[in-house]
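S.K.: Could you put together the complete structure from these sequences and hints?
Residue numbers (the numbering used here), protein chains in the order written: chain B, 1 to 404; chain A, 1 to 404.
To be clear, the hints were calculated from the coordinates, so they are not data collected in a lab. Hints should not be assumed to be uniformly reliable.
If several chains are the same, the list does not tell them apart, and a pair holds so long as it fits within one copy or across any two.
[Unchecked claim] DSSO-like cross-link-like pairs, simulated, lysine-lysine; straight-line CA separation at most 27 Å:
(1) Lys397 - Lys266
(2) Lys290 - Lys372
(3) Lys397 - Lys372
(4) Lys363 - Lys397
It should be emphasised that the depicted structure is a prediction, and the values quoted were computed from it without experimental measurement.
2 protein chains.
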Amino acid sequence: MNFIDGGVCAPKGYKANGVHCGIRKNKQKKDLALIFSEKKAAAAAIYTQNSVKGAPIIVTQKNLLIPYANAIICNSGNANTCNANGIEIAGGICALTAKELGILPSDVIIASTGVIGQPLYIEPFESGIPALAEGLSETGSDAAAEAIMTTDTVKKELAVSFTIGGKVCKIGGIAKGSGMIHPNMATMLVFLTTDTAISPIMLQKALKEDADGSFNMISIDKDTSTNDMVCILANGLAGNPAIETEGTEYIEFKKALCAVTQKLCKSIAKDGEGAAKLIECEVTNAGSLKDARAVAKSVISSNLVKSAMFGSDANWGRVLCAVGYSGVNVDTEKIDVSFCSSKGEIMVCNNGFGIEFSEQRAKEILLCDEIKIMINLNAGSDKATAWGCDLTYDYVKINGDYRT
Amino acid sequence: MNFIDGGVCAPKGYKANGVHCGIRKNKQKKDLALIFSEKKAAAAAIYTQNSVKGAPIIVTQKNLLIPYANAIICNSGNANTCNANGIEIAGGICALTAKELGILPSDVIIASTGVIGQPLYIEPFESGIPALAEGLSETGSDAAAEAIMTTDTVKKELAVSFTIGGKVCKIGGIAKGSGMIHPNMATMLVFLTTDTAISPIMLQKALKEDADGSFNMISIDKDTSTNDMVCILANGLAGNPAIETEGTEYIEFKKALCAVTQKLCKSIAKDGEGAAKLIECEVTNAGSLKDARAVAKSVISSNLVKSAMFGSDANWGRVLCAVGYSGVNVDTEKIDVSFCSSKGEIMVCNNGFGIEFSEQRAKEILLCDEIKIMINLNAGSDKATAWGCDLTYDYVKINGDYRT
Numbered sequence: 001m002n003f004i005d006g007g008v009c010a011p012k013g014y015k016a017n018g019v020h021c022g023i024r025k026n027k028q029k030k031d032l033a034l035i036f037s038e039k040k041a042a043a044a045a046i047y048t049q050n051s052v053k054g055a056p057i058i059v060t061q062k063n064l065l066i067p068y069a070n071a072i073i074c075n076s077g078n079a080n081t082c083n084a085n086g087i088e089i090a091g092g093i094c095a096l097t098a099k100e101l102g103i104l105p106s107d108v109i110i111a112s113t114g115v116i117g118q119p120l121y122i123e124p125f126e127s128g129i130p131a132l133a134e135g136l137s138e139t140g141s142d143a144a145a146e147a148i149m150t151t152d153t154v155k156k157e158l159a160v161s162f163t164i165g166g167k168v169c170k171i172g173g174i175a176k177g178s179g180m181i182h183p184n185m186a187t188m189l190v191f192l193t194t195d196t197a198i199s200p201i202m203l204q205k206a207l208k209e210d211a212d213g214s215f216n217m218i219s220i221d222k223d224t225s226t227n228d229m230v231c232i233l234a235n236g237l238a239g240n241p242a243i244e245t246e247g248t249e250y251i252e253f254k255k256a257l258c259a260v261t262q263k264l265c266k267s268i269a270k271d272g273e274g275a276a277k278l279i280e281c282e283v284t285n286a287g288s289l290k291d292a293r294a295v296a297k298s299v300i301s302s303n304l305v306k307s308a309m310f311g312s313d314a315n316w317g318r319v320l321c322a323v324g325y326s327g328v329n330v331d332t333e334k335i336d337v338s339f340c341s342s343k344g345e346i347m348v349c350n351n352g353f354g355i356e357f358s359e360q361r362a363k364e365i366l367l368c369d370e371i372k373i374m375i376n377l378n379a380g381s382d383k384a385t386a387w388g389c390d391l392t393y394d395y396v397k398i399n400g401d402y403r404t
Numbered sequence: 001m002n003f004i005d006g007g008v009c010a011p012k013g014y015k016a017n018g019v020h021c022g023i024r025k026n027k028q029k030k031d032l033a034l035i036f037s038e039k040k041a042a043a044a045a046i047y048t049q050n051s052v053k054g055a056p057i058i059v060t061q062k063n064l065l066i067p068y069a070n071a072i073i074c075n076s077g078n079a080n081t082c083n084a085n086g087i088e089i090a091g092g093i094c095a096l097t098a099k100e101l102g103i104l105p106s107d108v109i110i111a112s113t114g115v116i117g118q119p120l121y122i123e124p125f126e127s128g129i130p131a132l133a134e135g136l137s138e139t140g141s142d143a144a145a146e147a148i149m150t151t152d153t154v155k156k157e158l159a160v161s162f163t164i165g166g167k168v169c170k171i172g173g174i175a176k177g178s179g180m181i182h183p184n185m186a187t188m189l190v191f192l193t194t195d196t197a198i199s200p201i202m203l204q205k206a207l208k209e210d211a212d213g214s215f216n217m218i219s220i221d222k223d224t225s226t227n228d229m230v231c232i233l234a235n236g237l238a239g240n241p242a243i244e245t246e247g248t249e250y251i252e253f254k255k256a257l258c259a260v261t262q263k264l265c266k267s268i269a270k271d272g273e274g275a276a277k278l279i280e281c282e283v284t285n286a287g288s289l290k291d292a293r294a295v296a297k298s299v300i301s302s303n304l305v306k307s308a309m310f311g312s313d314a315n316w317g318r319v320l321c322a323v324g325y326s327g328v329n330v331d332t333e334k335i336d337v338s339f340c341s342s343k344g345e346i347m348v349c350n351n352g353f354g355i356e357f358s359e360q361r362a363k364e365i366l367l368c369d370e371i372k373i374m375i376n377l378n379a380g381s382d383k384a385t386a387w388g389c390d391l392t393y394d395y396v397k398i399n400g401d402y403r404t
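M.R.: Structure (structure tokens):
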């Protein structure tokens with residue numbers, strides 16, 4: 001398996017584009033993205049668990065009752081959530097897109113991200129979608145990745161190439177992350193494409209299984225958005241024997257999918273709102289996978305741990321505190337904690353008790369911009385990793401004045 | 001019922017004191033508090049739900065197997081948690097206190113607050129407890145309230161006077177709050193005294209019932225501490241017929257208790273680490289009390305809502321988002337949201353959709369230092385209030401460098 005260029009256009013048969021259509025006031029900022037597969041693709045998606053759902057989520061769920069699609073359209077700058085005519089507008093955008101591409105409105109996946117509860121008008125879409133479709137190209141992943149950014153500071157796109165049944169297959173993805181990110185089942189906006197031939201049922205299964213260990217293990221701020229969505233299109237153009245059951249090919253596909261999603265997770269966490277550091281929490285030797293995940297996510301979500309990491313402060317007591325309220329029944333006196341970065345590794349807690357360590361050495365390790373918190377529960381053999389970021393002045397600044 | 005002066009010494013038969021004994025380096029900062037009732041008092045307590053528990057919690061739980069006590073001792077500057085000899089030290093502190101007061105070690109309630117995982121030595125207690133006991137006085141509540149402060153910026157103490165069976169009864173309390181506060185069942189450190197005659201069983205029942213609507217409804221940072229404790233002593237010196245069942249007298253006692261605890265809650269929330277504003281979330285017309293509490297606590301805990309309040313930004317979409325992930329099954333299209341302060345009230349969301357409102361007027365309201373977020377679920381008749389604070393640069397600053 002190799003990482004390759006091209007993002008969502010790396011797999012065969014996909015084009016993409018991104019334009020400024022006028023949802024945002026700033027004309028320099030693209031605000032509308034489109035991904036298109038001429039060949040109808042198997043489609044799978046997972047959605048936010050927030051019971052307040054954006055209109056695009058509701059429309060996409062309806063469209064994917066038949067799990068095939070040709071296109072993904074996404075705007076930034078407005079979440080189209082809690083708007084009285086939101087569903088009507090989202091339906092209208094699908095219809096405009098379908099008309100331009102010569103497909104059915106129900107073959108369009110739609111997503112929106114931005115402020116909640118601001119009216120969204122159809123006019124920018126009416127004027128923007130023709131040019132957006134016109135400009136679709138096999139090098140357009142970049143423009144699409146740019147158009148879905150909100151407070152993101154870097155574009156998130158990547159692709160891998162791998163082999164199934166002697167055929168070269170590819171998976172590509174773009175994502176937006178940043179704030180209101182504490183996914184539960186689904187998450188933020190992630191659009192994946194593949195040319196692998198795979199049935200809709202196996203595609204949904206793979207996506208769901210993967211998300212539990214990838215996107216659902218990120219937390220930026222414990223806020224689960226109303227508009228989270230991860231979706232994948234699989235148009236089958238790689239020509240591999242279609243994956244219709246679990247087996248070697250399914251496992252190969254999942255491995256490739258995991259390579260893409262875990263890298264996207266890291267880049268989303270590292271680019272969390274205001275973040276200065278990527279924090280990875282690795283929990284080992286847990287009694288169960290569920291326990292490992294709960295502990296890792298609890299630590300990564302703690303405002304106090306996040307603040308300590310911002311200050312490069314080896315305050316491991318806060319790590320233990322977050323383990324303690326994770327809901328997992330842990331034996332405190334078996335827990336080891338180490339901090340690790342490119343500068344080395346230092347153990348700070350052994351069997352639940354503090355040990356002597358060099359504060360200066362710990363500081364050196366924690367001053368890096370990618371930190372790993374390693375927790376050994378010594379209670380079994382399961383492990384999990386969660387990703388987050390530090391809590392900084394800038395998070396507060398960005399979110400104290402987001403709408404202006 | 002009247003609010004009166006005197007804190008924990010307002011009820012008959014209580015003395016208190018606070019000194020600097022050397023746990024903290026700064027000699028200006030008191031670090032050891034003592035509350036004493038010469039007459040043995042019925043005692044009740046509730047504790048942190050964190051499965052990593054401080055040694056003082058474990059020792060107090062054991063001491064209160066027989067639910068009577070004479071004294072509460074508490075140090076700040078060190079949590080005595082995750083220390084190999086923590087239980088031995090906590091037991092030693094109880095023994096020193098008991099010796100000085102002429103009581104049994106098992107009649108001492110012990111609590112600690114401060115950094116987790118730093119060794120705690122007995123020497124400062126050996127040298128400090130005699131002077132601490134010597135200086136006990138009926139005007140010592142103030143000194144005790146000061147000695148339990150950590151990053152608190154104001155002392156929290158108050159008392160009420162009320163009548164039961166023709167007898168004047170009193171309840172007094174001191175508290176410390178600030179950081180690592182998202183109580184679950186129990187909370188932070190709150191020490192309450194009363195001269196009301198009440199059985200230990202009814203005292204525990206009253207305390208538990210009250211905490212579910214008071215301390216368990218505060219969140220500063222979603223971090224549930226390892227050392228939270230709320231305890232109450234009731235020495236019966238008011239001379240009322242002892243409360244031994246539910247009934248008018250029990251209801252009167254609970255009303256007075258609630259007056260004390262809700263005020264302490266507000267003062268803890270308002271003095272949250274780095275906080276500039278007290279945020280109160282009032283949920284009305286919920287389908288059940290449980291729903292009302294879950295929604296109120298979810299909103300008050302949202303980093304995004306807290307950041308918006310810091311920025312005086314009427315970003316009500318974040319409020320709806322937090323309602324949505326509260327776990328309560330809400331009908332979005334019935335929800336109304338208003339913001340309120342001493343400057344007035346403004347509705348921003350009606351039936352789940354944004355309504356036109358004056359941003360300038362909203363800003364004026366939100367610039368106050370006590371904000372109420374009012375959420376009408378229009379789904380029933382239950383209501384609840386939760387208390388929190390805004391998320392500020394100072395929270396990050398304080399917690400990025402807490403240990404230094």
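S.K.: Indicate, hint by hint, whether the structure satisfies it.
M.R.: Hints and how they fare:
Proximity of Lys397 to Lys266 under the C-alpha cut-off of 27 Å is found in both arrangements, the shortest distances being 23 Å within a copy and 25 Å between copies. Within a single copy, Lys290 and Lys372 get their C-alpha atoms as close as 20 Å, which meets the 27 Å cut-off; across copies the closest is 38 Å, which misses it. In this assembly of identical chains, Lys397 and Lys372 lie within 27 Å of each other by CA distance both inside one copy and across copies; the values are 26 Å within and 22 Å between. Taking the shortest alpha-carbon separations for Lys363 and Lys397, both the intra-copy value of 26 Å and the inter-copy value of 17 Å come in at or below 27 Å.
In this structure, none of the earlier numbered hints is contradicted; all agree with it.
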